[in-house]
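> First to last, the sequence lines map onto chains A and B.
The opening residue of the first sequence carries number 1 in my numbering; numbering runs sequentially from there.
The opening residue of the second sequence carries number 1 in my numbering; numbering runs sequentially from there.
Hints in this document: simulated from the structure, not taken from any laboratory.
Model, not experiment: these values are computed from the prediction.
Here a beta-carbon is modelled for each residue, glycine too, at the ideal position from N, C-alpha and C.
Worth double-checking, as some hints may not be accurate.
Subject to a maximum C-alpha distance of 20 Å in a straight line, what follows is the list of computed PhoX-like cross-link-like pairs (lysine-lysine) [unchecked claim]:
#1 K55/A with K182/B
#2 K217/A with K248/A
#3 K182/B with K172/A
#4 K57/A with K182/B
Cβ-to-Cβ under 7 Å is the rule here; a few derived chain A residues that face chain B [stated by the list, open to error]:
#5 P2
#6 L61
#7 Q79
#8 V201
#9 K237
#10 I241
#11 A331
#12 T332
#13 M335
#14 L348
#15 P439
#16 N440
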Amino acid sequence: MPVYTGADVKSDLTRECDVCIVGSGAGGAHVAQRLALAGKSVIVLEDGGFWTSDKFKMNELESGTMLYQEAAARGTADQSIRVYQGRAVGGTTVVNWTTCFRTPERVFEHWHEHHGVEGISHAQLVPHWEQIEKRLNVTQMTLEQVNKNNLVTWNGAEKLGWKKDLLFRNVKNCAHTGFCGMGCPIDAKQSMLVTMLPEAVRAGADVYANAWVYTIKREQRRCTTITAKMRDPKTDKLNGITLTIKPKVTVLAGGAINTPGILLRSNIDANRRTGMRTFLHPVVAATGFHPEKIEPFTGSPQYVHVNEFVDRGDKMGMLLEGAPIFPLALATHGMNWGEDKQKLMELLPYVSVTISLLHDGFDLKNYDDGGMVTVRSDGAPRLDYRWTDRFVEGLRHGLRVGLRVQLAGGAKQVMSGHPRYARTEAEIEEIVSKAPFGPNQVPVLSAHVMGGCPMGTDERKSIVDSRTLRHHGFDNMFVIDGSVYPTSLTVNPQLSIYGLASWASQFVQQAVG
Amino acid sequence: MALPSRRSVLKWTLASGVLAFGGGAALALQKTQLRELTPKLVALDASAYAVLCALADRLCPALGEGAPGALALQVPEQIDAMLLASPDESVREQIVGALMMLENALSGALFLERFQPFTKLDAAGQDAVLAHMRDSSVGVRRTVFRALTTVVNAFYWAQPDTWLRAGYGGPPETADLREMYKDQLVDLDSLRATPLVQGA
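With the rest of the complex left out, here is chain B (with noise of 0.2 Å):
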């Protein structure tokens, strides 16, 4: 999954507070849309969640019978997972930026004439926001952009739950690989210094 520079998400924070005291006030301080239904979360807070939700919706959308979409495959609540699992403290701390970015309203009507949050918006109007980030000439916008559709995209196309409709058998049981090949295996458990307990 991809992120963006931190750097350059607080500098696009900071321009926008700037912005914000410069008459946008209200725009900027606009609700985010919260969840009805918010499952205990690990790193996100209810905000950035919703967004995340909201995002992955448009993102990845259920598509009718044998095509769950994100929602269904709990894409948001493996990235608030994940992101409490990183070992890098940072990563957290980008992607709650770069999903409020996406979120904040003032650099929507900014940039895009928009006068709603992402959260608040129907499907015609987040896909207008996608795509001006996406095309955006200011390079931070895009780099979000990036960073929030490779993350969302990423956790739900490897679950194997999304692998028929994109024709993919998922791979070889390795087990029986193993078998077949075992005459070439190469033991490494005999050089660790403590011994591996069976099944960790």
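Bound conformation, chain A alone (with noise of 0.2 Å):
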């Protein structure tokens, strides 16, 4: 029952379980837990490594490269849209920035209607989320907390009579350095490293570091093998040796984009639907130059959003956030150089920013919205993302409530990520409507990856059973992750996939017998 690394493993092994889970982050996890704490025998797999809070490092880029897929490299195949996810054991929650959503009542309804999701509810999953918010401390954040940084897009939005709100985070006496994106320091975040697998582990179930899923097998229904590529700790690189499961149940909690990729280099595709409709709220961000220090890499990375924007009919929806900068992030955003890129950093003190998440997925005119995951030659997973006109439209308007968030906050300055600056509302309207908006003109990214193995209850369109996150062509074979959102789910995805875990780990249970 310990977490072993790729250093443990001295030579091919091949163990049996009750049920192997790939991934150990929000998903993984929490199913983890619930079937040691039942008496299961269980394996969790992590190509990450085993970090301990006081190995993390406190610099954007060495973090980059010990905490985040593909070293904070990975992004769409054109990288017009750049992609953090987390890769640790405890995955992407050692990294998030601890903003707490439950899925919003609309999104299920929309899922309902129009995604052929049964068998699962928001009703159905406020039970799990009552129970977890208590387990990691999901707490309401109280104006006197925020920030100067985030306190921008709340004046902002006050002055301009927007919907606003004070956001829920998962931490336990945290002091606000505002290093979460790097690994939370003193172990105030409640991530899944520090909470539900150690609680897993100490009840019975094993953890692989450094273990990359690189295909599973199957025979008729059922899943009979796990194939893990091990990685030398030191190094990140495989190391030959190989990891084979063969478990009665198996769940895949790779996250979206990995879990695609297991199936595809396993040649899992019956109806080619893997990979497809991935979305990634992408995120355009709006800067505003203050005359008084900001400091935005000081306090907790977010306290507030606007949820004005939520609903606009027909177009993309989006939810605004307030958002940290770090100088690496602020250097790598604004495509400017030299001198220009040199007194920009100079104001990185005196510098605000609001941040939009788009809500993609709910195009019903366009099926085939979003992005999608094949895999490369090499087996590594590649995204590719389209830029519709409805995108494109998102952008601009997320850019340009951004702006104007920025600017009724007092922003005596505002600049886009091309970059542009406008010192009026009208000169706002001159960035949206004239600067480029296509792939690289404009910088996007992207914190939230979702689908890929959407649920529902149509084989041919949906890839997993929503009555039970089972996949369809399996009997013993689990997919629990964010990748079987059917869409984007419009808000930050952590504590939504914590419940889903937590509802489907009974399915598997059952599975187990």
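With the hints as a guide, bring the two chains together.
Structure follows, in structure tokens:
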């Protein structure tokens, strides 16, 4: 019942268990804890390393290499959207900004009406969320706690008369240092690394870090074998050792992008839908320059959100949030260089940021909306994303409202990522209407990947049965992570996935028998 | 750091080759201005390293005392080391492909009427090339711009020597913080199969 790393597996190894869980993040950790406490033998496989909080690096580059997928270089194939996903024991929960939302009821209603989702509802997940919120100390921030950076977004929305609210976070005794994205150095963040996974291990689960699951094998409707290639924990390179697991039941929980990647590498794609409809909550950032110091790198990353633009009719909805910024992030955001870049960087302490998370996946006229995961010849996943007119309109509006919030919140000048500058609302409109908004013409990023293995009851359109999260093609394999969502969630996903995993654990347990 | 799509880079390289046979061979084959002193490289060859140095020097130039540029902070050497360390072996191939596209005088001649490789241009000429790549109507050129500028800026601005200029005092001393919050630290080391060697 320990945590093994690549250094502990000296030669090829085969093991049997009741449940093998691929991925140790929001979905996998919850299932591991539930099943281990139920007395089942559980093995968790995680591609990333086993890092404890004393090892975290409070440096964007070092932590990016250590804790993020593809050393924080993951993105769409054309690099027009950078995608930040965690890669460590604990998954993205180790590096997220701790923002917690329950899945909105309107999103479930949309899935029921348009995506054939049955057998799961908002009401069914409420007791799971209540239990998890208590366990992970999910609490709402107070206005007194809000840092200067987020206060700009709050005050701007107030002045504009836009709906807003304070965020909930899963932290305990938080020092508000602002380094959530690099791993909490004091275990205040109630990530899976310090909560569900230790409970699972103490209850008997084994965790293998540095284990890259390459393929799964099937016989008829049963998943029989999972093959992982081990990595040297010091170099992160494959070391030629293979770990083979023969489980009664398999749970894929590697997250959107990786889970479809495993299925596609294993040639499991009966309806040719695996990896389709992958959604990103694409983010466009608005930067404001203020007369007083903001120091956007101090205080917790997020305290506030603006929900004025969630429903835009036929157009793409969006959620605005405050967001932190550190030197590397600002330097790689603006598309300028040389002395211009240096001057911009000197203004960092006076910068505030508002981000707009776009709600992709709701275009009823374009079913193959969003992104698509495929695999490269070397087996690594590849993500492509469609820049539709609807998406570009969303980017323009997201930037418009973000810049307006910054201006209303006290900025004397605002900046888009192009970069283009404005001092008035009229100048903001000039940017929004005239600046280019194509791939790699404006910086866009994502920290929330969803879809690719959507749940539903129609086997032609979905990958996973929404009544149990069992893969349609298997009797003993489940998918329990963000990939099962039929659209984007419209809110930060971690709490949604926790609730989903808690609910779905009962079906995994039934399958084990 | 961002990387271009390998398929896109290969496609562009192929297109450049076809064009070269169409009459632009002399331009395409112009030699890179190599660096006088080339350190022991582990992933890049001397040509790719020279292009990376020229790019890094233009993106993050030295701006006087207290403002060392990317070359003084050995950004190209750090990127070279990163490419060797990367578990994804295709990363080196992609970065080199992107650097050589930037350097390629033939593509410069086609798109910008410049007839010299990037390494032989003055600062204004290099700025014109970079601006043209950023604003290009050809998607892969924008991809290359984003990929290369991102990797150089990331390695430069992640260095503590640059932080003060950005008004950033750096992270708090985590040992002190951990001492203050020691009662809530979670003992994960006891879960390890093999105890960690002290200092490892």
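> Look at each hint and say if it fits the structure.
For each hint, the structure was consulted:
no.	hint	verdict
1	K55/A with K182/B	15 Å, holds
2	K217/A with K248/A	13 Å, holds
3	K182/B with K172/A	13 Å, holds
4	K57/A with K182/B	18 Å, holds
5	P2	4 Å, holds
6	L61	3 Å, holds
7	Q79	4 Å, holds
8	V201	5 Å, holds
9	K237	5 Å, holds
10	I241	15 Å, violated
11	A331	4 Å, holds
12	T332	5 Å, holds
13	M335	6 Å, holds
14	L348	5 Å, holds
15	P439	6 Å, holds
16	N440	4 Å, holds
Of the numbered hints given earlier, the model fails hint 10 alone.
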